[in-house]
Every structure is written in structure tokens, then in C-alpha cells.
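Fit chain Z to the given chain L structure using the hints.
Spelled out, the chains give:
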Amino acid sequence: MLSQAAVTVNGSPVVAPPGATVAVAVAIAGQACRTSVTGEPRGALCAMGICYECRVAINGKPHCRSCQVLCEPGMEIKTDESGFTATV
Amino acid sequence: MSRDLQQRFDVLVVGGGPAGMAAAVRAAERGVRVGIVDDNVTLGGQIWRGESEDGPMKDAAKWNRQLRTADVTTLCGMRVFHQPEPGILLAEGADNLMELSYRNLVLATGARERFLPFPGWTLPNVMGAGGLQAMVKSGLPIRGKCVVVAGTGPLLLAVAAYLREHGAEIPVICEQASWRSLARFGVVLLRQPGKIVQGLKLKKSIAGIPFVANCWPVAAHGRNALQSVTIARGGKQETIACDYLACGFHLVPNIELPRLLGCKSLGGYVEVDSLQQTTVKGVFCAGEPTSIGGVELSLVEGQIAGLAAAGNEEEARMLFDEREKSRRFVRVLGRTFCLRRELRSLSFPDTVVCRCEDISYSRLEGHRSWRAAKLHTRCGMGPCQGRVCGPAVQFLFKWNPDSVRPPVFPARVENLAAFAGRPNAEHSAIRGGS
Numbered sequence: 001m002l003s004q005a006a007v008t009v010n011g012s013p014v015v016a017p018p019g020a021t022v023a024v025a026v027a028i029a030g031q032a033c034r035t036s037v038t039g040e041p042r043g044a045l046c047a048m049g050i051c052y053e054c055r056v057a058i059n060g061k062p063h064c065r066s067c068q069v070l071c072e073p074g075m076e077i078k079t080d081e082s083g084f085t086a087t088v
Numbered sequence: 001m002s003r004d005l006q007q008r009f010d011v012l013v014v015g016g017g018p019a020g021m022a023a024a025v026r027a028a029e030r031g032v033r034v035g036i037v038d039d040n041v042t043l044g045g046q047i048w049r050g051e052s053e054d055g056p057m058k059d060a061a062k063w064n065r066q067l068r069t070a071d072v073t074t075l076c077g078m079r080v081f082h083q084p085e086p087g088i089l090l091a092e093g094a095d096n097l098m099e100l101s102y103r104n105l106v107l108a109t110g111a112r113e114r115f116l117p118f119p120g121w122t123l124p125n126v127m128g129a130g131g132l133q134a135m136v137k138s139g140l141p142i143r144g145k146c147v148v149v150a151g152t153g154p155l156l157l158a159v160a161a162y163l164r165e166h167g168a169e170i171p172v173i174c175e176q177a178s179w180r181s182l183a184r185f186g187v188v189l190l191r192q193p194g195k196i197v198q199g200l201k202l203k204k205s206i207a208g209i210p211f212v213a214n215c216w217p218v219a220a221h222g223r224n225a226l227q228s229v230t231i232a233r234g235g236k237q238e239t240i241a242c243d244y245l246a247c248g249f250h251l252v253p254n255i256e257l258p259r260l261l262g263c264k265s266l267g268g269y270v271e272v273d274s275l276q277q278t279t280v281k282g283v284f285c286a287g288e289p290t291s292i293g294g295v296e297l298s299l300v301e302g303q304i305a306g307l308a309a310a311g312n313e314e315e316a317r318m319l320f321d322e323r324e325k326s327r328r329f330v331r332v333l334g335r336t337f338c339l340r341r342e343l344r345s346l347s348f349p350d351t352v353v354c355r356c357e358d359i360s361y362s363r364l365e366g367h368r369s370w371r372a373a374k375l376h377t378r379c380g381m382g383p384c385q386g387r388v389c390g391p392a393v394q395f396l397f398k399w400n401p402d403s404v405r406p407p408v409f410p411a412r413v414e415n416l417a418a419f420a421g422r423p424n425a426e427h428s429a430i431r432g433g434s
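Protein sequence lines correspond, in order, to chains L and Z. Just so we're aligned, residue 1 is where the first sequence starts under my numbering, counting upward by one. Just so we're aligned, residue 1 is where the second sequence starts under my numbering, counting upward by one.
Bound conformation, chain L alone:
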């Protein structure tokens, strides 16, 4: 049985619902996923691994498609790999 997972998004704690993807945790945290090459905030678009808009860093590993990864307890999620943080 799937259970909740306590993760952090940019250092802030988020309780991800059972079976939640990392993209969902980022949305619950009210954050955009990445900053585009011209500086626009972007979030998940297709949610099925095609569009690459939901890329984040997970446990230090960059460019992970957050819609294709399930939350695990203790996961450290960082949005906005370029350093610019956009708050949704």
C-alpha cells in the first residue's frame, strides 16, 4: 500500500499524498518547475514524460522529469536549476 511521503521542495517541507509524483509535490508547494531559457517560469504541461517542461533536480540530480518520478520519503527536490526562483 502506498503511503504519504515527507519531502522538501527548495528546502520547504511538503507532505506528498500516497502515490504522488514529484511534479505533484512541486505543485503543492506552489512552485514552478523550471525557468525557461529566456527566464519564464514553467510548470508541467503534458504530465506524461513527453514535454520536458517539468524538469527539476531530485537529490542533486538535475534534469529529472518530475512527472515520471514518484515521491519517496526524504527526497530533496529543487526547482529552477538555473538559480532564478519563480513563486507561483
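In short, the hints are calculated from the structure, not lab data. Misleading hints may appear alongside valid ones.
Sample of chain Z residues facing chain L (criterion: CB under 10 Å; computed from the structure) [said to hold, decoys possible]:
#1 G31
#2 V32
#3 R112
#4 P119
#5 A225
#6 R387
Just so you know, even glycine gets a beta-carbon here, dropped at the ideal spot from N, CA and C.
Positioned in the frame of chain L, the structure of chain Z alone reads:
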């Protein structure tokens, strides 16, 4: 590469949606070694995302059960990105690389939503219709949120119904098709008993939501995320405050991998013979890549492909009539939800068309082909490899898709190098005896 990361199959199925699951189950009946590989965390594809053996969807429960009892190796979270030589595919996972060799292959790579650019479509919380549904199925809280559903295709109704069941408020469903073509679609549905039941269920769950035809989104507004949407409706424009815009313009088949393998396509769909075999011998294709026809057609095509790939042509032929019935729906779908030309003029000069590289409409206008636009602007050369902007520029500028090259998905350099660096002799050794 370690031995456990090399697997050999008599029948390998790429794609774990309904078509792929059906193919794997039926192929395994012959006692051959069958594997199914999918990029997603679990099988089910998009339509059966989150469904299980004891879930409410009967078909999904049935095929999940059959797959569990069948002797099939399931590889989830693995994305096929390259065919280094015929008979071998490379798949990348979060931390690993797999080399999958096969005698026969079934490609069931499904479809994605078609997205069209309009001002503001890149704002966070503007999502695909199926995209938002997938997020909610993956745990996104939607209760009390206001969601405008827009675009085209039967998916809009299904998504609206699903979101409302989960507590969302849906002020309007905007369908760009005309009432006239929708009425024709309705008439054809009357001849398909299964579809009528689906339709009645849908009607009940979307009762009370305004459904407007001849209506489409013209702009999304917000600073760092969506705040409101402007829609065109009967020659007038109207702005609606909302939390999400769920917007997709029907579906486009995922044919990049079939094309990489040399399978011929016609009009954007993979060509197959009566046994679902492509123009490449031993490579079969089933479901949306051959025609956008919905789950019933996918299931029957998948079964035919799986049976044929396992050498059971006789049983495959017994399903031809059923496939023919489901195919009637395909022709109607395409006609009903074809895109109106007004959608070509939604972009402003500064509207982003290629989201990966932030290429605006004005930078693309005037190029003669997608190739020319790519070379001059990098449009379609980002991580999605043109999967989002490709179908858009095909509609906007009538540019045909460019050639497909490996890797068909971004892959880690070490994974490309791992195979390239090994001597050919070893490749033959892996394939020996298959």
C-alpha cells in the same frame, strides 16, 4: 554493461498502455518469452493510469489481471531511446541502462496531446487536458479549484467529468468544433452501442457544465502563473478567472520510434498490414500510432499484433471483424475534430511556439520548412525534440516533420557511449541463439 541488464525476448512490446498490455498477454499465451517496457512508473498508459485489478474500470481490471497471471517480464520506468542495430533496443532508467534484444517487436507507443500556441499558453497551470487529469490521478489536490477545459476532442468531456467527480468546479468546456460536425459525430455514436453507454455515463457526470461549440481559448493571463483565460465564443470574447486551464487539441500519434526503426508512415500514421505488421519484417505496431481510434480499437489491434508476433496468425485473423467495427469510429473522429483555421492566427509575434528553446512566432514566420527554421532558430531542437512544437508548426505553417535520428529521447552520454564502445563481436554473441 552487466549481464542482468541484458535481456532477450522472443516478443518485446514497447509501450504499456491498453494496446501493449493486450499484445503482451496474447503473445505470452504461446509460451514464448515476452517482455513489456514502458517509460512510466506503472503500466496502463494514459487512459488506464492508476487503474488496478480491483479498480472501477472493468477492462483495465481484466487486462491487469491477465497480465499478472501471464508470464511476462515487465520493465517500467525504462525509456527506449536507440536501436544500435536491428534486433536490439537500448532503454534508459533513472540509474541504469538496459539492452533489450528481440526476435519480434510490437510497438505500442501511444499518442500525446496536440498543443497549439496562444498568448500565455506557457504559464504554469496551463496544462494539457489529459495532462491535468494525469496530475490529479497522481495526487494533485483539485477539490474546489476552478478549471476551464478547452480545445477539441472527446478527451475534453472525459477530463471534465473526471475533474468534477474529484471536486473541481468547471465553468465551461470550450470545443472548437462546430455544432454541425458534433451532431454528425453524435449520429455515428448511435450506431455503436458500447460508445452510447460511455456517452450516457459521461452525460450524467457532466450534466450542468456549459458545453460550448465553436469556442476556443485566445489568451491565458497571469504573472507567474495562470489567473484567467479569455475565450472566443460566437464572435465575442469573454474572460474567466480560473486556477487551471486544461487545454488539448485532440491527439497526435507517437511515431518517432517506429520511424527510427525504418517503419514507413503515411499521413503521420504507421503503415501496417492486416496482421499489424509494419513495413519492417518482424516489427508490429498497434494502437494510436496506426490511427487515433480509442481504447477498444487499441485493445483489438494489440491482441492481433501480439498473437501475430508470437506466430499465432490463425487466432489473430479471428479478431479482424472486431477490429473492422472499431475502425469506423476512427474515420468519424478525424472528421469531427479537425482544427478550424482561426486557430492558426492566435499567436502574437512574441508568442513562444517552441517552449524548449523559447522561439517566438515572429522568428519562425517566413521560413520555408521546419528544417530551415530549425537550422536558423533551434526550433524543435530542445529536450522534447519537437514533440510539442512539431505538430503545432505542422498546423500553423504546414511544415512536414523532419527526419528522426537517434537518440529518440535525450539520453545520458555514458549510456550512448556504453554501447558504442563495445566491439561488434559481443553484439553478435548477445544475439546468438535468439
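Results for each hint:
{"no.": "1", "hint": "G31", "result": "violated (33 Å)"}
{"no.": "2", "hint": "V32", "result": "violated (29 Å)"}
{"no.": "3", "hint": "R112", "result": "holds (5 Å)"}
{"no.": "4", "hint": "P119", "result": "violated (13 Å)"}
{"no.": "5", "hint": "A225", "result": "holds (4 Å)"}
{"no.": "6", "hint": "R387", "result": "holds (5 Å)"}
Consistency with the previously given hints fails for numbers 1, 2, 4, ordered from lowest to highest.
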